[in-house]
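Colleague: Single-letter residue listing:
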Amino acid sequence: MSFFHFINCFALSFAPYFIVYKYSGINEYSSIWKCATASGGYLLTQLAKLLLLATFFPALDGEGFSILPEFLKSCADIVDVIGLHLLMTNFLAGKGEVRFVVGGLGWGFAHSIAHRLVLLWVGARGTAFTWRWIQTSLDSSADLMVIVSLACLTWMITRSQNKSIVSPVLAMCVFSTFIYQTVQHTFSLNGWGLLAFRFVYSIATALLTVIVYSANRTAVSRKNE
Amino acid sequence: MQEEIIDFFRNPALLFYMTLMLTVCMVSGSQQVGDVVETEFHAYRLQQFEISGNMYGSRNHRVSYEAVSLGSRALRRTMVTTWREVLTHDVDDMWALSTGAVLVFIPDNIDDLNDIDKKAFLDFETKLLNVRTDLAVYVAPYNDDAASILNDVNTRAEKAPSAAQHLLQSLSGNTISITSSDNVQELPDNYKPLNVVGRLSSGDRASPTIAFVAHYDTSSVIPGVSPGADSNGSGVVALLELLAVLSKFYDSPSTRPPYNLLFMWTAGGKLNYQGSRHWIDEFQKGIEGADFLDSGLNRKDDRIDLAICIESIGRKTGGLYMHAGKAPGENSSAAQLLRRLNNIAPKKNIELVTKKISLTTASAWEHEKFNIKRMPAVTLSTLSSPTDPARNSILDLPSNIDEEELIDNIRLIAEAVLGYILGLPETGPSSDSRIKSEVSMLSKDAVDKQRVHHFIRQFASKPRPIGDRRATESVTSNLASAAAGYGQVFKSAVTITDAKVFGVTQNRLVAERVKPAVFELVIASGVIAYLSAFYYVATHSQKSIEGTVSAIRKSIF
Numbered sequence: 001m002s003f004f005h006f007i008n009c010f011a012l013s014f015a016p017y018f019i020v021y022k023y024s025g026i027n028e029y030s031s032i033w034k035c036a037t038a039s040g041g042y043l044l045t046q047l048a049k050l051l052l053l054a055t056f057f058p059a060l061d062g063e064g065f066s067i068l069p070e071f072l073k074s075c076a077d078i079v080d081v082i083g084l085h086l087l088m089t090n091f092l093a094g095k096g097e098v099r100f101v102v103g104g105l106g107w108g109f110a111h112s113i114a115h116r117l118v119l120l121w122v123g124a125r126g127t128a129f130t131w132r133w134i135q136t137s138l139d140s141s142a143d144l145m146v147i148v149s150l151a152c153l154t155w156m157i158t159r160s161q162n163k164s165i166v167s168p169v170l171a172m173c174v175f176s177t178f179i180y181q182t183v184q185h186t187f188s189l190n191g192w193g194l195l196a197f198r199f200v201y202s203i204a205t206a207l208l209t210v211i212v213y214s215a216n217r218t219a220v221s222r223k224n225e
Numbered sequence: 226m227q228e229e230i231i232d233f234f235r236n237p238a239l240l241f242y243m244t245l246m247l248t249v250c251m252v253s254g255s256q257q258v259g260d261v262v263e264t265e266f267h268a269y270r271l272q273q274f275e276i277s278g279n280m281y282g283s284r285n286h287r288v289s290y291e292a293v294s295l296g297s298r299a300l301r302r303t304m305v306t307t308w309r310e311v312l313t314h315d316v317d318d319m320w321a322l323s324t325g326a327v328l329v330f331i332p333d334n335i336d337d338l339n340d341i342d343k344k345a346f347l348d349f350e351t352k353l354l355n356v357r358t359d360l361a362v363y364v365a366p367y368n369d370d371a372a373s374i375l376n377d378v379n380t381r382a383e384k385a386p387s388a389a390q391h392l393l394q395s396l397s398g399n400t401i402s403i404t405s406s407d408n409v410q411e412l413p414d415n416y417k418p419l420n421v422v423g424r425l426s427s428g429d430r431a432s433p434t435i436a437f438v439a440h441y442d443t444s445s446v447i448p449g450v451s452p453g454a455d456s457n458g459s460g461v462v463a464l465l466e467l468l469a470v471l472s473k474f475y476d477s478p479s480t481r482p483p484y485n486l487l488f489m490w491t492a493g494g495k496l497n498y499q500g501s502r503h504w505i506d507e508f509q510k511g512i513e514g515a516d517f518l519d520s521g522l523n524r525k526d527d528r529i530d531l532a533i534c535i536e537s538i539g540r541k542t543g544g545l546y547m548h549a550g551k552a553p554g555e556n557s558s559a560a561q562l563l564r565r566l567n568n569i570a571p572k573k574n575i576e577l578v579t580k581k582i583s584l585t586t587a588s589a590w591e592h593e594k595f596n597i598k599r600m601p602a603v604t605l606s607t608l609s610s611p612t613d614p615a616r617n618s619i620l621d622l623p624s625n626i627d628e629e630e631l632i633d634n635i636r637l638i639a640e641a642v643l644g645y646i647l648g649l650p651e652t653g654p655s656s657d658s659r660i661k662s663e664v665s666m667l668s669k670d671a672v673d674k675q676r677v678h679h680f681i682r683q684f685a686s687k688p689r690p691i692g693d694r695r696a697t698e699s700v701t702s703n704l705a706s707a708a709a710g711y712g713q714v715f716k717s718a719v720t721i722t723d724a725k726v727f728g729v730t731q732n733r734l735v736a737e738r739v740k741p742a743v744f745e746l747v748i749a750s751g752v753i754a755y756l757s758a759f760y761y762v763a764t765h766s767q768k769s770i771e772g773t774v775s776a777i778r779k780s781i782f
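Taken in sequence, the protein lines are chains A and B. In terms of my numbering, the first sequence is residues 1 to 225. In terms of my numbering, the second sequence is residues 226 to 782.
Note that these hints are calculated values from the structure, not bench results. From a predicted model like this one, the values you see are computed outputs, not experimental measurements. There could be a bad hint or two in this list.
[What the hints assert, rightly or not] Mimicking DSSO-like on lysine-lysine, the simulated pairs with C-alpha atoms at most 30 Å apart in a straight line are:
{"id": "1", "chain 1": "A", "residue 1": "Lys163", "chain 2": "B", "residue 2": "Lys573"}
{"id": "2", "chain 1": "B", "residue 1": "Lys344", "chain 2": "A", "residue 2": "Lys95"}
{"id": "3", "chain 1": "A", "residue 1": "Lys223", "chain 2": "B", "residue 2": "Lys580"}
{"id": "4", "chain 1": "B", "residue 1": "Lys344", "chain 2": "B", "residue 2": "Lys551"}
[As the list claims (entries may be wrong)] A few chain B residues facing chain A, derived, Cβ under 7 Å:
{"id": "5", "residue": "Val356"}
{"id": "6", "residue": "Val739"}
{"id": "7", "residue": "Val752"}
{"id": "8", "residue": "Thr764"}
{"id": "9", "residue": "Lys768"}
Glycine is no exception: its CB is placed at the ideal position from the N, C-alpha and C atoms.
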């Protein structure tokens with residue numbers, strides 16, 4: 001619509017990351033440089049993922065949507081877990097909780113930039129008004145929840161005794177994009193409907209993560225006793 | 226060297242940029258386009274030209290205004306309407322507005338209109354004909370997009386029932402903004418359309434010249450959509466066919482008639498016959514002029530015996546009219562031609578129409594340009610009056626051309642001219658009235674049906690207004706190459722005097738749904754509210770998550 005609209009969308013997409021960093025107490029435990037490292041880790045992981053996709057699914061970039069190829073394609077998202085794990089174990093320091101929140105935050109910010117900045121710059125400055133850019137920007141908050149959960153679960157999966165509760169929730173995070181796509185195509189959800197679904201799904205994932213985390217903490221403390 | 230290259234690849238920044246670019250490329254490539262909020266369509270502009278310092282039509286071609294209905298007249302708006310609305314409403318005060326635009330939707334297939342609608346459409350054209358305005362006026366064919374635009378505009382024009390609703394509408398209601406593309410090319414100052422002249426020479430130095438003249442450009446209220454099939458597509462086709470038919474006689478020296486023939490396709494006919502005027506000027510002063518050869522004249526003492534202008538001869542109107550400035554003398558070539566035409570086709574109603582030539586206003590027929598310079602000339606047309614609306618109408622479509630009639634008329638003219646230049650007796654081979662057999666110089670198929678059909682398709686079916694440089698250039702080069710098959714061809718650039726041509730006969734318009742500027746403030750306040758909520762959640766997140774975790778641990782595990 002105008003530059004003003006772009007500013008609105010920009011604030012809506014990226015301010016949540018800033019607010020979380022600044023006001024959730026993370027900045028007392030870790031520097032912004034660690035977040036930047038996490039962002040760099042995200043980019044490197046994406047490169048690996050791209051190479052993987054280009055090698056194994058070269059011709060699948062056609063139109064239309066079919067479940068199985070899309071599922072196989074989204075299996076490449078498992079690389080994210082590996083990348084996050086390497087990042088958190090090798091490049092971030094401090095308490096486990098600080099590591100995964102910082103890692104998730106940097107990761108999510110880079111993800112948001114890569115997915116939205118160019119789109120908004122090209123689209124939201126146009127004259128024609130559409131709610132699409134607002135929706136895209138709001139998605140970024142939902143992604144934040146999923147990615148921090150992903151980081152938390154990745155942290156736990158190598159350190160937890162009962163992996164059987166961690167792994168399903170981790171799968172929920174990893175395949176979130178695939179699930180959004182499937183829901184979008186099977187129920188032909190669009191716009192606000194899809195956005196609402198994404199929020200519900202992200203909040204559910206986040207809550208489940210909290211529960212799994214609590215269970216893990218209980219297990220750890222019992223073991224210590 | 227090698228070290229440097231390796232160093233370059235070691236640089237972490239390179240890796241960083243590459244990954245960033247790749248990620249961005251993949252992400253933006255995979256996004257699909259959402260619901261349609263903008264449409265683009267072709268629109269055709271109202272005529273714009275200047276004759277003797279008088280401006281006609283629309284003086285502007287830029288549009289970037291919000292769309293409103295015809296009823297709500299305002300500055301800096303695009304009035305969107307249909308041709309019927311323009312016809313039924315009083316729009317005179319609209320043309321007086323100083324800035325803004327008008328977009329009129331016309332039927333997408335004018336050919337399919339019934340007779341009543343065609344009459345109404347002619348009235349619509351007449352209503353636009355004398356418009357002089359500063360507004361940018363466009364017409365576009367009606368389609369689904371047009372329907373949705375009109376619908377939006379008209380709903381918005383209805384008054385909201387209550388004040389609250391009115392406020393809401395002005396705050397968040399959809400409006401449509403219509404913008405013209407800016408990269409249209411206006412005509413350069415040195416733009417000169419071409420006259421194309423074909424010549425058949427007798428080979429004899431002293432022989433006089435007969436010129437056939439037809440202007441090839443088209444014009445109407447909306448130049449970009451009118452193919453001008455009859456006026457003057459039929460004339461262009463007739464000249465080509467006459468050239469093809471008569472060139473046979475010039476093939477061998479033994480049959481060559483003692484007359485030079487010129488076939489002139491002139492530019493700017495609808496703009497006070499610029500092409501003919503230019504040619505005549507060159508011809509008269511050209512004795513020393515360097516362009517003399519370009520005008521198709523070989524020798525300095527060439528003499529025009531008669532110029533036969535042809536316009537609109539492809540329609541069945543029940544007659545063929547010879548228009549002249551004054552009644553020709555008994556022995557003049559024009560009078561002889563008229564008698565011959567009458568003798569060859571006694572059943573046809575061939576009449577002489579005289580009209581006094583006015584020197585102060587624009588010429589009514591092309592022959593007047595020759596008459597003014599004291600050269601004998603007549604115009605042949607199936608129209609009886611120069612003010613016939615069919616001459617400058619969008620409805621002058623190829624489907625209105627009666628090919629049989631056109632072929633008939635071409636054959637008639639060819640026979641009469643042949644009889645004249647070969648000096649055959651006017652009344653036919655025998656003056657005995659008892660002899661009824663038809664006598665003809667031409668074989669039955671001399672005027673080729675297929676060829677005429679092809680010429681009509683090529684030269685009389687597409688708009689070729691003088692303001693459209695590409696169309697004009699393509700028609701002149703096509704004409705030149707078609708004529709080159711039968712005779713010598715010359716081209717000369719026409720200087721337009723006492724008139725001005727304007728380009729941009731068509732343009733691309735983009736209609737976009739937009740929200741009022743105030744709405745952006747509403748969104749901004751929404752964004753701020755959302756972010757404050759987020760802030761609240763973030764500041765309490767640590768405490769609340771820790772609380773939740775311990776609560777869960779106590780209660781469940």
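Colleague: Hints numbered earlier in the text: which of these fail when held up against the supplied structure?
Modeller: Per hint list: 1, 2, 3, 4, 5 and 9 violated.
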